[in-house]
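Asks: Protein chains in written order, with our numbering: chain F, 1 to 299; chain L, 1001 to 1235.
Hints in this document: simulated from the structure, not taken from any laboratory.
Be aware that one or more of the hints could be misleading.
As the list claims (entries may be wrong) - 20 Å max Cα-Cα, derived SDA-like pairs, lysine to any residue: (1) 1129(L) to 170(F); (2) 1114(L) to 1089(L); (3) 169(F) to 1105(L); (4) 171(F) to 1075(L); (5) 171(F) to 1111(L).
To be verified - Interface residues of chain F toward chain L, partial, derived using beta-carbon atoms under 10 Å: (6) 180; (7) 189; (8) 193; (9) 195.
Claimed, not checked - To list a few chain F residues with every Cβ distance to chain L over 10 Å, as calculated: (10) 135; (11) 158; (12) 268.
Since the model is a prediction, treat every value here as computed from it, not as a measurement.
The beta-carbon is built from N, C-alpha and C at its ideal position, and this holds for glycine as well.
Residues per chain, in single letters:
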Amino acid sequence: MNINTVSIFLQTIVGGIGIGSLYALVALGYSMQYRSMGLVNFAQGSIYMIGTYFGIIWYQGMVMGLQVPYPIAFLIGIVLNMGLGLILERIFRPLANLDLMLMLLGTIGLGYVLDNMAIITWGAEGFAVKSPLPNTPIIIGGVALLPQMLLLIGVSAILMVGLTVFLSKAKIGKAMRAAASDRETASAMGIPVNTTNAVSFAIGCGLAAAAGILAAPIVYVNPAMGGPVGLKGFAAFILGGAGSIPGAIVGGLVFGVLEAVSAGFVSSAYTKGIAFVVMVVVLMFRPGGIVGEVTVDKV
Amino acid sequence: MISVNNIHTYYGHIHAVKGISFEVRQGEITALIGANGAGKSTTIKTICGLLHPREGSILLDGAPIHKLSADKVVRLGVGLVPEGRRVFPVLTVDENLDMGAYHRSDQAEIAKDKAQMYETFPALKGREKQLAGSLSGGEQQMLAIARALMSKPKLLAMDEPSLGLAPLLVKRVFEIIADLNQQGMTILLSEQNARGALKIAHQGIVLETGLVRFADDAASLRSNAVIQRAYLGAG
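Okay, chain F solo, but in the shape it has when bound (with noise of 0.2 Å):
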C-alpha cells in the first residue's frame, strides 16, 4: 500500500465519521425515546429536518430579515426543537398507555404532519447554506478535511460526551436511567416518570436539531431531507443495540463509516445496500446490537 492509498483510506474513513456523527446523533434521538417511552418514535427524520429549519433559517436571515450568526442559530434550533418535543411527547403519553401500534402509527402520521407543514412553510424547494467556516480544506497528514465537516465532528463528539456525563451525574439523568430500567418501581420512588419521558423525549429532539443545523452546510436543506438520515439513524439505533446510549453512538459511527467505505472502495451505487446487509449480518449473530445492553424496560 503507497502513501497515496493510505491517505485516500484515511481520508474516507475521516468522512465516514462525519456523516457518522451525524447519525449517532439521530439514533441517540430515538435511543432516548425508546428508552422513556418504549416507542420507536418513526417521525425522527421529520423532527431532525423541523430542527433543521428551526435553526438555519435564523441564520439565514428568513425571520424577519434578522441575521442571527451561526452558533446563536444553532442554540436558538436546539431550544426550539425541544420545544417542540415537549408537545410531540404530551402527545403521544396517553396513546403510550393505550396501544403500541397506535402509537407506531400516530409517530409514521406525525411525520407526514411535520414534513407537510415544512412545506407549507417554508416551501418544497429546498436551499444551499453557506458554512459559518471557511471552505477550504484543511490538510492534516495527506488528509483534507472540510472545516465544516470537523465542527459536526467535534460539536457532535461534544454532545455525545455532554449526554452520557448528564445521565450519569445529574439528578434527573440517574432518575432518567432508574426510570428507563423499571418505571413502576421508579415511580414508587418518587420519580415523576411523566417528567423524566418529557425530558428525555425533548432532548432526543434537541439532538436531532443540533445534527440537523450541524449538517445544513454540508447536505440540502429541504422538506425530504429527513427521510434517508431518519432510517438510517434508525438503522445505527438497532446495530448498536436498541436504546444502548453508547449502542447508538457505535452504531451511528460505525453505519457511516461503512457507508463511506463501501462507496470508496466498492460502487457508490451499492453504498446504502452493502451498508444495510452488513446491519442484516451483524443482527444475525448479535441480536441485541453491538453493545446490546439488556437494560430497558420494554412497555
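Given the structure of chain F, go ahead and fit chain L onto it with the hints provided.
Replies: Chain L alone, transformed into the frame defined by chain F:
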C-alpha cells in the same frame, strides 16, 4: 395511620381486590397474609399509588391518597419495598439509595442517612460503586429495604420481602423488619410466609380471593384452628 376503606381494584381486567377494609396502626407491624392471587400485592400497589381503586378510599392520617400518583404518595410518607426487590440493576448501590431519596433535597441529611444505611446493612458496605444487578438476592433485598428507608417514610410497605430467599436469609429479613419496628417504624408487610410474618406482626389480615377472610391480632390468628390448618401447616 392508614385506613383502607372498601377498596375495589382491577389488575388489568381481573377484579383482584373486591372490597377490602383494614387499618394500619401507628408503630405496629400489620401482616397481609394469603396465597398467591389473594390480592396482597394488588392491595400494596393500590396503597402506594401504582394502581388506583375503582371504588373505596385510602386515608393517610385522615387525608385521601387513593387518587394520587405513586411519586406523590412517596412524598407523603409511604415507602415501598417492591415484590421481587426490583433494585435498579444498571445503577450502582449508591445511586439506588439516591433514587430512594429522590424527593428530598436536604443533601447533608441524605449523606448522613446513606452512611447510616451502610451501618445498618453491612452487606452493602464497600459495594457503593458496584452495580446493583451484580448483588446476590439477599443483598438486593437489603438494598431494596435501604432504598425505601431513604425516602424517610412514615409507613414502610413491604411486598413479599422473604420471597425467593434462602431460609437463613428469610430469618434475617424478618429480624430486620422486627428491628425497624422496634425503632418506631410502622410496617405493612405482605407475606406468603404466614408463620414468619405472624411471629413478628401485631395484627394480621388474611386475604382470600380479593376479600378479607380474617382480621385479628397476630396472637389470636396464630392460635386460630382454621388459620393453623390452612396457613401455618399444622395438623
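Asks: Does the alpha-carbon distance linking residue 1114(L) and residue 1089(L) stay inside the 20 Å limit?
Replies: holds (19 Å)
Asks: Identify whether the interface hint at residue 180(F) stands, where standing means a beta carbon of chain L within less than 10 Å of its own.
Replies: With a minimum Cβ separation of about 8 Å from chain L (threshold 10 Å), the hint on residue 180(F) holds.
Asks: Can you verify the interface hint for residue 193(F): is its Cβ closer than 10 Å to any Cβ in chain L?
Replies: Given a least distance of 7 Å, the restraint on residue 193(F) holds.
Asks: Quick check for students: does the CB of residue 268(F) sit more than 10 Å from each CB in chain L?
Replies: holds (41 Å)
Asks: Given the hinted pair residue 171(F) and residue 1075(L), is their alpha-carbon gap at most 20 Å?
Replies: Satisfied, since the Cα-Cα distance of roughly 17 Å is no more than 20 Å.
Asks: Minimum Cβ distance from residue 195(F) to chain L below 10 Å?
Replies: Result: holds, 9 Å to nearest chain L Cβ.
Asks: Can we keep the residue 189(F) interface hint, with Cβ of chain L closer than 10 Å?
Replies: Since chain L brings a Cβ to about 5 Å from residue 189(F), closer than 10 Å, the hint holds.
Asks: Is the claim that residue 135(F) lies outside the interface with chain L correct, judged by CB distances over 10 Å?
Replies: holds (45 Å)
Asks: With 10 Å as the threshold, tell me whether residue 158(F) passes as away from chain L on beta-carbon distances.
Replies: holds (24 Å)
Asks: Does residue 171(F) pair with residue 1111(L) here, judged by a C-alpha cut-off of 20 Å?
Replies: holds (14 Å)
Asks: Measure nothing beyond the straight line between the CA atoms of residue 169(F) and residue 1105(L); if it is 20 Å or shorter, mark the hint as holding.
Replies: Roughly 16 Å between the alpha carbons, so the hint for residue 169(F) and residue 1105(L) holds.
Asks: Given the hinted pair residue 1129(L) and residue 170(F), is their Cα-Cα distance within 20 Å?
Replies: Since the Cα atoms of residue 1129(L) and residue 170(F) sit roughly 16 Å apart, the hinted pair holds (cutoff 20 Å).
Checked against the numbered hints given earlier, the structure satisfies every one of them.
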